[in-house]
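Colleague: The chain contents come next:
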Amino acid sequence: MTMLVRTSLWCAGLALAVAIVAYPLYANGYYLALGISVLYFTILATAWAMFSGPTRYISLATVAFFGLGAYTAAVLGETTPWPVVLLAAAGVGAVTAAITGLSTLRLSGIYFVIFSFGLAELIRQLVIWYEVNIHKSVGRYLFSAVTQDILYWQLLGLTALVFLVGWLLGRSRYGLALRAIGADETAASHSGIDATRVKLGVFILSATFMAMTGAVMAPRWTYIDPAIAFNPTISFQVVIMALLGGAGSLFGPVLGVIPLVLLFEVLTATLPNHFSIVLGIIFVLIVMVLPNGVIGLFGAGRRHVPAGAPAAAFARTMDDAPLLAVEGVSKSFSGLRAVDGVSFTVAPGEIIGIIGPNGSGKTTLLNTLSGALRPSSGTIRFGGTVLTGLRAHQIARLGLARTFQLVRVMPDLTVAENVATARLFSAPASSSGSDTTGRELLDLVGLGAMHDAPARELTYIDQKRLELARALALRPHLMLLDEWLAGLNPSELETGIALIAKLRERGLTIIMVEHVMDAIRALCGHCIVMNAGSVIARGAPDEVLSDPKVVAAYLGGDDA
Amino acid sequence: MFSANRRTLLRATGLVAFATALGTFASAADAQEKIRIGYAISKTGPYAGGAGITTLPNYELWVKDVNAAGGIKLGDKKLPIEVVEYDDRSSSEEAVKAIERLANQDKVDFILSPWSTGLNLAVGPTLNRLGYPHLAVTSVTDKAPELAKRWSNATFWLGTSAQISEALADLLGKLKSDGKIGARIAMVSIADQFGIELSAAGREAFKKHGFTLTYDKTYPMGTQDLQPLLKDAVASTPDAFVAFSYPPDTIALTEQAQLLKFNPKVFYVGVGTAFPLYKGKFAANSDGVMGIGGWNADSPQLKEYLARHKAATGKEPDRWASSITYASLQVLQQAIEKVGKVDRAAVAAEIRSGTFDTIIGKIKLKDGLLQEVWGVGQWQNGEFYALAPASLPGARAPVVPKPQWQ
Amino acid sequence: MLLVDIILPGLVLGGMYALIALGLTLQYGVARIMNLSYGESLVAAAFGALSLYSGLGLSPLVALLLAVPVAMMLNWLLYRFLLERLMRRGKDRGAQEIDSILVTFGVLFVIQGAMLVAFGGQYYSYSYLSIPLTILGSTLAVNRLVALLFAALVGGAVYLALTRTRIGTAVRAIAVDATAARLVGIDVAALSGLAFAFGGGLVAVGGVLVSMFLTFNAAMGVVFTMKALVVVIMGGVGNVMGALVAGLLLGVVETAVARLVDPGLTLAATYALFLGVLLIKPTGLFGRAAS
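Chains as they are written, first to last, in my numbering: chain Y, 1 to 560; chain W, 1001 to 1406; chain H, 2001 to 2291.
Calculated directly from the structure, the hints in this document are not laboratory data. We treat Cβ as the ideally placed atom computed from N, Cα and C, and that holds for glycine. Please note that the accuracy of each hint is not assured.
Capping the alpha-carbon separation at 25 Å, the derived lysine-lysine pairs in DSS-like fashion look like this [unchecked claim]:
hint : chain 1 : residue 1 : chain 2 : residue 2
1    : W       : K1034     : W       : K1078
2    : W       : K1207     : Y       : K136
3    : W       : K1338     : W       : K1362
4    : Y       : K136      : W       : K1338
5    : W       : K1362     : Y       : K136
Over the 12 Å line for every Cβ pair with chain Y, so calculated as not near, a few chain H residues [unchecked claim]:
hint : residue
6    : Y2028
7    : V2146
8    : V2188
9    : V2237
Cβ-to-Cβ under 10 Å is the rule here; a few derived chain H residues that face chain W [stated by the list, open to error]:
hint : residue
10   : L2064
11   : T2165
12   : V2223
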């Protein structure tokens, strides 16, 4: 029975594929033109969602790449073989995306949206200026023998390619990395993901498809000028279609493209003079009724979790030299010295506690260690490597992991995916026998049963556990715990302390910033006390906690 | 059971409605009782401004006029026109798609052209392949002769950029040799194909007549303030100011020139000068302003056309491409009537070879191009009279120097 | 001399840009609605002024008294019955932004369609206060000066209202963090609606004033939307002073490039300036540093 269903589904799919490929053979000119519209918006919207879906960077630069592709075709089209033209267009798109992406991708939210729009306009203005002053003519003519059939098949090929690439990307570690970045860029880079490079790579990929679409479409219009090639409504339409369909999944955008193209068609035909009003009203209604896009009607698709390195260990082999050596590290924020000349070393296998009143610079110190902040002066050595100046993901990949004071999980990803992010770009597992799989890590922190739950559904405590598991998945030599025990109730606290002790037994070195003194006493062999950015005491916990200077710092001064 | 049936029924109704909307059920063409004419025009988007003044009102007026007279005569029968219209949303792709739709779905007998050079060129290959006569009225390009050769179904009606610029240069050259103006010209142009072609041709033609260009700059489309540009043009103390501009800029340049009390002997601005809007806005100050286009306002046919246009659409036509658009439709009608049946190839050939009687006079195209087109007009006493080429019948003498702004 | 002749007209042009952008500062910056139909509302106000002027002979400056309350009312209704639902529905700011983009895209078509039915696609223009005024040797149009004056006055007033009054402080709190604002007892929905409506009123001011000197048609809204967005973003979202300064700066740069470099590069220069500012200060001239 199921066999039968499956076979008939396959047959139906195959028939559909044949019907789509053979479409020009039986469709008349108009339906073919309609098919061309659907395909060309499908490529643009899918390529757009490839980057913008997971990262949530809403880009209005689509038409910049599309237009550059169209222009490349218009310039080269009549003199160069067509495949070369397509490659050239892809190249122009990729190079422009690389240059602009480098500068653009550090912006976020609305700033990125409008920047990308400004970028498209700037490119358009520069093309105009070039054409007027250098080429002495703004419009370019491109006469070609491309029929609608050939155009359709070219677009269909490109559509297949964009889906294939999108599918492969989704399965690859870059796909998950991109979603991790979209969910929480800081957490992602502290999990060893080079956010800039991943974003840039996918941005370039997406722009390449847009440029090729432009090149394929250009011959259809005979005449290309900047107003046609760089028409900003194309960017808007693509965004609208992708968002309407659902930008979060590969097949979401096409579900927005088809109804919108058809809706435009039906309305222009039936109501040429009131088309705008009716379209607008229908559009508003659709948005009000479908909060998650058209794809939301079908339920979100299941996602593939890339396996990453097959097994990950969290304690690497080490020697006896200090694992971490901090020398005279300071960090100032516009004159305020948050960390002032701090020095200490950490031996392998040790747990060091950093304590001190609120605002004494503990978290800032951790941030300089993990690469979130660059120290104003001083050096940090980690197993022989100088960390100063390295970026967060590089430090993470060296085996220095951290958790955050305000817990940072990637809410849209499942528990398993959260852990997997940390293994995407780490070095292959060492051959020593201490390797641990992601599932084992989750068992270790007590989340074994939550494997497939989205992280946003976890309780606060479980999110903290997840964060720890993710940090462990980096196979770190050194773990920085920033008030990981804060906010736990007494029994949870007990479990937490036992867990950290277990990690130490496994050979992990730990620096913990903590206010829970029982935990410090129970776990740390050595303590550093900070006040106003400086170290005011160091030694065994009981020793430093009875130091009058420390008591004074906690109680606030003069009474001591 | 009932609900399932109802759902199926609903779905079927939906499908039928959808298919109807897409135009699958084009009217069955047994005995022809109507002539179906289709067009896609920019009702929205950046081209809506131009299409809304020059093209669409004339299509509507012509259909009304023809149907009021009983229709187009095919053989011994008069067939009324039935219109199918779409909005191309100022997009090349939409325009191409709409043409395919008109031809394949609506199976219209004839297709009228969209507005603008870009859209006309975009639909050119499609109309050519489908064999529809293409009266590309609102396209101005130096490639027109070549295009007319390439597409035997296509005809061009506004002349080339070179013709327009040369008409202007000839006029100014004559004024110079008559001693009415000096040899200094300031020229600005919009950074669009139209402005670039006209200014390139103008540059050459002005040089040929011994003019010096004291200022020669382009500005991008969408510039909100043209005063800086104009100030530098003023500072170059020209005898004639020439702007190959688009409607919003044409208005803005005129307004700024008045503010700056810039009174060159010749003040020539581009598209939009011939619009009734121009006269409406500047009233007496429009007097003496030259611009692209013009018409022979004394002709009784045009006077009558003006009245009909006003009555039918509630507004006056522009004095450049409007009357030519209308005339091109008359040509289409007469060509159909001469052929006597809906034979598009024959009609296209007839349009190219025949002689026609229209509101702008007798028309005979040469190589698919209308040759007798006005390049320069001038507002004189509230009417935009054609000045050049002076060889054309009805050309008026220019009023130079232009009266001072009031 | 040339300097004065660049700076004064530049400021006047910039005043218009600032004026166009003021409403969006409130609508986007405070009410968190990325309003794509912004430009259409502006053009609608311009048509309103035109109709009152040509129909009743009403001065555009008087028309303001009518246009602003009407626009505020309409925008309030729009917020109350459409946008507020989206704000409640969106689980984070990103989702709210996406929803508001989509819905206002629909609204854009409705407004534009209505204007097309009423006025058709062709250009409109009329003259009001198109009188030259020479200041320090530089000739300026009175109507454009009025726009600059309004931009400065309205901008200044809004700035003071936001910084010096209780309600203004509450509104700014929403702009910074709506959730936290709710926690300290601010009625976010009501105040956002108010800010959106007030922004709508400012759009009407912009539309009525620019109609005195710009040629417009029903399809031109997007030009204004984009210009306003550029100004708002460049100034820093939600910062009225930022929008004023950014607008004026863009105007001066555009004029300077036209006079000193090449009029063909004016728009390229403004976009380059905009992109440059964002590269150096990713949250705009007066934006808060990203945390």
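Colleague: All hints, please: hold or fail.
Modeller: Each hint tested on the structure:
1. W:K1034 <-> W:K1078: Roughly 9 Å between the alpha carbons, so the hint for W:K1034 and W:K1078 holds.
2. W:K1207 <-> Y:K136: Given that 25 Å is the threshold and the Cα spacing comes to 18 Å, the pair holds.
3. W:K1338 <-> W:K1362: The given pair, whose Cα atoms are some 16 Å apart, holds under the 25 Å limit.
4. Y:K136 <-> W:K1338: Between Y:K136 and W:K1338 the Cα gap is close to 44 Å, so the pair fails against 25 Å, i.e. violated.
5. W:K1362 <-> Y:K136: Given pair W:K1362, Y:K136 is violated - Cα atoms ~37 Å apart, limit 25 Å.
6. Y2028: H:Y2028 not clear of chain Y: closest Cβ-Cβ about 7 Å, inside 12 Å.
7. V2146: Answer for H:V2146: holds, closest chain Y Cβ roughly 28 Å.
8. V2188: 19 Å, holds
9. V2237: Violated, since 6 Å does not exceed 12 Å.
10. L2064: 21 Å, violated
11. T2165: Hint on H:T2165: violated, closest Cβ of chain W at ~34 Å, above 10 Å.
12. V2223: 6 Å, holds
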